[in-house]
Amino acid sequence: MQISMTVNGDEVTREIEPRVLLVHFIRENLGLTGTHWGCDTSNCGTCVVLMDGQPVKSCTVLAAMADGHDIRTVEGLAAGGTLDPVQQGFMEEHGLQCGFCTPGMMLTARALLDRNPHPDDTEIRQAISGQICRCTGYATIVRSVQWAAAHPPGWDTETGAGTDDGGAGGAVAEEVTA
Amino acid sequence: MQIPAPFDYERASDVANALALLERHGPESRIIAGGHSLLPMMKLRLARPEWLIDINDLAELEFIRREGDQLRVGALTRHTALLESTDVAGLFPIIRDAEQVIADPVVRNRGTIGGSLCQADPAEDLSTVCDVLRAQAVIRGPDGERIVAMSDFHRGPYETAVAQNELLYEIRFTIRPRSGSAYEKVERRVGDWAIVAAGAAVGLSEDGTVEEAAIGLTAVGLDGTVPEAEAVLRGQQPHEDLFVEAARIAAAACHPVDDQRGPVDYKRHLADELTRRVLRRACARAAGAQEG
Numbered sequence: 001m002q003i004s005m006t007v008n009g010d011e012v013t014r015e016i017e018p019r020v021l022l023v024h025f026i027r028e029n030l031g032l033t034g035t036h037w038g039c040d041t042s043n044c045g046t047c048v049v050l051m052d053g054q055p056v057k058s059c060t061v062l063a064a065m066a067d068g069h070d071i072r073t074v075e076g077l078a079a080g081g082t083l084d085p086v087q088q089g090f091m092e093e094h095g096l097q098c099g100f101c102t103p104g105m106m107l108t109a110r111a112l113l114d115r116n117p118h119p120d121d122t123e124i125r126q127a128i129s130g131q132i133c134r135c136t137g138y139a140t141i142v143r144s145v146q147w148a149a150a151h152p153p154g155w156d157t158e159t160g161a162g163t164d165d166g167g168a169g170g171a172v173a174e175e176v177t178a
Numbered sequence: 001m002q003i004p005a006p007f008d009y010e011r012a013s014d015v016a017n018a019l020a021l022l023e024r025h026g027p028e029s030r031i032i033a034g035g036h037s038l039l040p041m042m043k044l045r046l047a048r049p050e051w052l053i054d055i056n057d058l059a060e061l062e063f064i065r066r067e068g069d070q071l072r073v074g075a076l077t078r079h080t081a082l083l084e085s086t087d088v089a090g091l092f093p094i095i096r097d098a099e100q101v102i103a104d105p106v107v108r109n110r111g112t113i114g115g116s117l118c119q120a121d122p123a124e125d126l127s128t129v130c131d132v133l134r135a136q137a138v139i140r141g142p143d144g145e146r147i148v149a150m151s152d153f154h155r156g157p158y159e160t161a162v163a164q165n166e167l168l169y170e171i172r173f174t175i176r177p178r179s180g181s182a183y184e185k186v187e188r189r190v191g192d193w194a195i196v197a198a199g200a201a202v203g204l205s206e207d208g209t210v211e212e213a214a215i216g217l218t219a220v221g222l223d224g225t226v227p228e229a230e231a232v233l234r235g236q237q238p239h240e241d242l243f244v245e246a247a248r249i250a251a252a253a254c255h256p257v258d259d260q261r262g263p264v265d266y267k268r269h270l271a272d273e274l275t276r277r278v279l280r281r282a283c284a285r286a287a288g289a290q291e292g
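Taken in sequence, the protein lines are chains G and X. Those letters in the first sequence? Residues 1 to 178, by the numbering used here. Those letters in the second sequence? Residues 1 to 292, by the numbering used here.
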């Protein structure tokens, strides 16, 4: 069957078998191997991608079910050569060790911040509770997401404008882009 | 790599179309919604449909609506929507209790109430919830609509009253004054299936005595609710001694099996303890002493 969807802003059309899972479609048909494939049983969450802005476990979604939808993978986080604040946060706060869970963690974090720009630690922990970091680096993952919350898009990495204070981050970013 | 066996796929455009597709593709066709119960079964070859009919586009099945003394929930309503609904939290806190412990937030973005009920896994939480709320299932088929009480909906593990050529349309919950409900589950790790879970719903009369009570247990081989335990409470003022007695009866009435989730004695102990807890909470909520 033929399916079409938007992946990271690009329209893609492919011929697939109906039984192809979204994770394999993304990795093998589209060659976007940033989406990791882990437990296969919707437990580990490394395969999380955003479907119409919502995190979903792509090992338990058929590629056919994503036909006509908007998919965003880890490759679609950075824009115009600038890392998403979540990616920057994972660098700043050592949010990854082996990196296997990282793509899924970052996409869930992005979706969380889009809905709730200033989550507390509990909200972050809840949001990523369907994802497993076997390096057990949860504390630094939470700190990474908090870093991203404090440095929303538009925060200027060149001048260092902005603060580490979560409450003021948004206001500063508005000033910078104005 | 776990990949389902080959099948054909078609997307339904509305409920009538979904029913027509079920009719056309016959006994080996199945409805798929969130897919978080069915796809894992298909990967393991425990389910092997030849046709999947995808109903995810059926926006008409995705609603939480108050109508008269009922709360009506469309079969395609996602767990996340149930968890976030203020109507649900206020009227039926047991649904919120259960949704908080169903899988994890990402799975809840996809999984649906209809999918959970129709998959009818014996360890599934919403079946117990719907049982104790004495919910009704609205089922649509080629001959129109029929309404089935939850007690008739369950036919056994992985079996429901929904025939192959039918579709679960909505779940109806009756809103009662001075009512309260609660659900509590013990699992091996966060988001796992229940080792045991208990649910209770009570309705109080104006003088505070228990008018209606329902007690259900998950994952311990109980078919429906426990009338003998419910009878202990009916007509009485809520009291700890009654909770203890009702829980004792409920725990004795269930049929846990020894498996990787735990031995029989442990599960029976959980059934007893969890029933006490949900009765306490349901009664407190009904009395307005505790907000859901």
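Simulated from the structure, these hints should not be mistaken for lab results. Computed from a prediction, not measured in an experiment: that's the story for all the values here. You may find that some hints are simply not true.
Stretch-level coverage of chain X by chain G, calculated; a stretch enters the list once three of its residues show a Cβ under 8 Å from a Cβ in chain G [unchecked claim]: (1) 34-45; (2) 52-59; (3) 98-105; (4) 214-225.
Distance windows between CB atoms, simulated [claimed, not checked]: (5) G:D114 / X:P142: 38 to 44 Å; (6) X:V257 / G:E17: 52 to 58 Å; (7) X:P157 / G:T41: 15 to 21 Å; (8) X:V257 / G:D120: 28 to 34 Å; (9) G:D114 / X:A20: 24 to 30 Å.
A virtual CB, placed ideally from N, CA and C, is assigned to each residue, including glycine.
Verification of the supplied hints:
Note: the region 34-45 of chain X has 5 residues with beta-carbon separation from chain G under 8 Å; the three-residue rule is met and the coverage holds. For a cut-off of 8 Å, the count of residues in the region 52-59 of chain X with a CB near a CB of chain G stands at 3, and the three-residue condition holds. Judged by the Cβ-Cβ criterion of 8 Å, the region 98-105 of chain X is covered by chain G as claimed, because 3 of its residues qualify and three suffice. Judged by the Cβ-Cβ criterion of 8 Å, the region 214-225 of chain X is not covered by chain G as claimed, because only 0 of its residues qualify and three are needed.
About 43 Å separates the C-beta atoms of D114 (chain G) and P142 (chain X), a value consistent with the hinted range of 38 to 44 Å. Distance hint check for V257 (chain X) and E17 (chain G): the Cβ-Cβ separation is about 38 Å, which falls outside the suggested range of 52 to 58 Å. P157 (chain X) and T41 (chain G) have their C-beta atoms about 20 Å apart, which keeps the hinted 15 to 21 Å range intact. Taking the beta carbon of each, V257 (chain X) and D120 (chain G) are about 41 Å apart, not inside 28 to 34 Å as hinted.
Between D114 (chain G) and A20 (chain X) the CB atoms are about 38 Å apart, so this pair departs from the stated range of 24 to 30 Å.
Hint compliance for this structure: hints 4, 6, 8 and 9 are not met, and every other hint is.
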